[in-house]
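Asker: Letter by letter, the chains look like this.
Number of protein chains: 2
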Amino acid sequence: MSGVLKLAQKFNCFYLSGLKSCDYKPFVVEGFQVGLVRPDVMKQLLKYPEVFHVNSGCVELNPAFRDYKERSNEIDKVLRKLRAENVFIALKGWRDEFYEVKTQFNSQSLLKMDRSATCLFGIRNYGVDINGYIKHPVKGLCLWFQKRSPTKQTWPGKWDHMVGGGLSVGHGILETAHKEAMEEASVSPHLLKDLISAGCVSGGIFPNTEFVFDLELPVDFVPVNADGEVETFELLSAEQSIERILSPDFKTTSAPITLDFLIRHGVITPENEEHFLEIVELLHVPLQSIYERYAPLNSNNSVKENGIPPAVRNS
Amino acid sequence: MSGVLKLAQKFNCFYLSGLKSCDYKPFVVEGFQVGLVRPDVMKQLLKYPEVFHVNSGCVELNPAFRDYKERSNEIDKVLRKLRAENVFIALKGWRDEFYEVKTQFNSQSLLKMDRSATCLFGIRNYGVDINGYIKHPVKGLCLWFQKRSPTKQTWPGKWDHMVGGGLSVGHGILETAHKEAMEEASVSPHLLKDLISAGCVSGGIFPNTEFVFDLELPVDFVPVNADGEVETFELLSAEQSIERILSPDFKTTSAPITLDFLIRHGVITPENEEHFLEIVELLHVPLQSIYERYAPLNSNNSVKENGIPPAVRNS
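As they're listed, the protein sequences go chains P and U.
Okay, so the first sequence: first residue is 1 according to the UniProt record's numbering, each after it adds one.
Okay, so the second sequence: first residue is 1 according to the UniProt record's numbering, each after it adds one.
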């Protein structure tokens, strides 16, 4: 098996191990599926029947909770108990920073929970990424990579694509891309005029969707960090870029972004990569379908009704 | 719902209606899944128990058949009977042209069957497509489209992307792209040096995977047909291209190729298309996983063992 396919499987362990085995149950709030709960998490939630209703089909947040505030408070109380009992390693990373839980990245928030707990409930995350590249007269296509600051909370000191960041409440996708490009790499508004939306990549260790942008830069451009989140930048040829994402020094969850770029720009092709089709597929895990199980009760969307993904339907 | 999402659902009716409802059963030959059989087709195959073994999990070609020749002959006999009985409209298009049935596009053929019958068994098809485009100084990104000849057997007179063709036995992907570009649009070998592999698109009315190439052409280039398969060509702006693929005059199964191009090149973005994520997902239906159910009995590939797609596993 090729190194690239192994990598694609590694960053998609959520999809490949959990979903397909039907062990996960949808996490439902107000009739909407907002997450997927692992069996070990379910076992703990069963201890709080006044907050979580676990049945054969799903894990539902008590529908008697009246609003955003009550839902957030009730979940927060359970999470703080689980944290005190040291049940989940994930909660050791408690951040006192809330994440808004929604059905779609552009829909209203149903509740908030500590960012460290979102992985326990399989809450979808959204981010924005920029592939900064040049067309070098001699070396051909080259990509800029950043080395993350050793003080970053996640993946400190690992290599990463040029610019990336999470989507925050109230901020647009393109707006976030611009903001991050300026803060992380000092890309000028003038250069950002060439920023091109290039699709999205879905999957991940946790269910994640990244909005991807390409930015062709002048050959003599050098990114400079402005917010202290980046230790250094390095320009690599296409060949070296493949080596870099395969190395253990690369942030695992960022590999799909660079892989997608290398596929779209003719570096990794069906002629030179035997597992081309599998790899493209692993860059586009059907999260949208997987998270569409529980339409609201008053929905008359027939696609949702008939198009229930089996991973969820039979669980 | 946006017109683009409706279109994406239309060309993926195979995935959205059939697979998700678990009504389809894997078609297994020599321990490999090579297709998916619809319930109405299954009903007919039950009448030939000496050829097809239908059980709760799959439809299996009699494993007692010794080789490629015997398998092909036995299926051919059944198909000719079904054709004489007028059971399936699809067989009215009998072509006396064989299609090689394989597990992977680059693996050995297990049997051959008439091309008109492949849709009954959900046999995967593979093709090659070229998005020919220019960067116009005034109009910006423009795409070349072909109007298919009125004498073509499939989709006569419909609009289509610049160049496309099926993968034939013994011919490579890039080789086929070059051949079709020269025959259909008289693209010179000199210009073909700029041909860039850009990924693949999977899905379709029938299970189909297309290898996609982009070709930036000189602004003054005009394609000229050389093989009689094309009536005319037209250059459209990005805006006009969206209108064209949404029109009933466009070949439905080619829409995903142009959609994918427009997404990768920043024309359709998450900012201007509300259903962006659903659409990208529908361009990359996980056929590879869906068709991986039946690994050969002596396989020790743990990904296949653990990673059985539920659509198939529970059927």
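Mixed in with the good hints, there may be bad ones.
Each pair of labels, with its calculated beta carbon distance range [as the list claims (entries may be wrong)]:
{"id": "1", "chain 1": "P", "residue 1": "Phe105", "chain 2": "U", "residue 2": "Glu216", "range": "55 to 65 Å"}
{"id": "2", "chain 1": "P", "residue 1": "Asp67", "chain 2": "U", "residue 2": "Gly166", "range": "26 to 36 Å"}
{"id": "3", "chain 1": "U", "residue 1": "Asp40", "chain 2": "P", "residue 2": "His136", "range": "35 to 45 Å"}
{"id": "4", "chain 1": "U", "residue 1": "Ser186", "chain 2": "P", "residue 2": "Gly57", "range": "57 to 67 Å"}
{"id": "5", "chain 1": "U", "residue 1": "Gly157", "chain 2": "P", "residue 2": "Pro189", "range": "41 to 51 Å"}
{"id": "6", "chain 1": "U", "residue 1": "Asp96", "chain 2": "P", "residue 2": "Thr252", "range": "47 to 57 Å"}
{"id": "7", "chain 1": "P", "residue 1": "Ile196", "chain 2": "U", "residue 2": "Ser2", "range": "16 to 26 Å"}
{"id": "8", "chain 1": "P", "residue 1": "Gly157", "chain 2": "U", "residue 2": "His136", "range": "43 to 53 Å"}
{"id": "9", "chain 1": "P", "residue 1": "Lys69", "chain 2": "U", "residue 2": "Ser2", "range": "15 to 25 Å"}
{"id": "10", "chain 1": "P", "residue 1": "Val138", "chain 2": "U", "residue 2": "Ser186", "range": "24 to 34 Å"}
{"id": "11", "chain 1": "U", "residue 1": "Glu231", "chain 2": "P", "residue 2": "His136", "range": "40 to 50 Å"}
Short, incomplete list of chain U residues facing chain P, as computed with Cβ under 7 Å [said to hold, decoys possible]:
{"id": "12", "residue": "Val87"}
{"id": "13", "residue": "Ala198"}
{"id": "14", "residue": "Pro270"}
{"id": "15", "residue": "His284"}
Hints listed in this document are in silico derivations from the structure and should not be mistaken for laboratory results.
Each residue gets a CB set at the ideal place from its N, CA and C atoms; glycine is no exception.
Asker: State for each hint whether it applies.
Answerer: Hints versus structure:
1. P:Phe105 - U:Glu216: 55 to 65 Å: Violated - the Cβ-Cβ distance for Phe105 (chain P) and Glu216 (chain U), about 32 Å, lies outside 55 to 65 Å.
2. P:Asp67 - U:Gly166: 26 to 36 Å: violated, 57 Å
3. U:Asp40 - P:His136: 35 to 45 Å: With Cβ atoms ~57 Å apart, the hint is violated.
4. U:Ser186 - P:Gly57: 57 to 67 Å: holds, 58 Å
5. U:Gly157 - P:Pro189: 41 to 51 Å: holds, 48 Å
6. U:Asp96 - P:Thr252: 47 to 57 Å: holds, 52 Å
7. P:Ile196 - U:Ser2: 16 to 26 Å: Because 21 Å falls inside the window, the suggested range holds.
8. P:Gly157 - U:His136: 43 to 53 Å: holds, 46 Å
9. P:Lys69 - U:Ser2: 15 to 25 Å: Cβ of Lys69 (chain P) to Cβ of Ser2 (chain U): about 34 Å, so the range 15 to 25 Å is violated.
10. P:Val138 - U:Ser186: 24 to 34 Å: Holds, at about 33 Å.
11. U:Glu231 - P:His136: 40 to 50 Å: holds, 42 Å
12. Val87: The hint is violated - Val87 (chain U) has no Cβ within 7 Å of chain P, the shortest such distance being about 26 Å.
13. Ala198: Given a least distance of 5 Å, the restraint on Ala198 (chain U) holds.
14. Pro270: holds, 5 Å
15. His284: Since chain P brings a Cβ to about 4 Å from His284 (chain U), closer than 7 Å, the hint holds.
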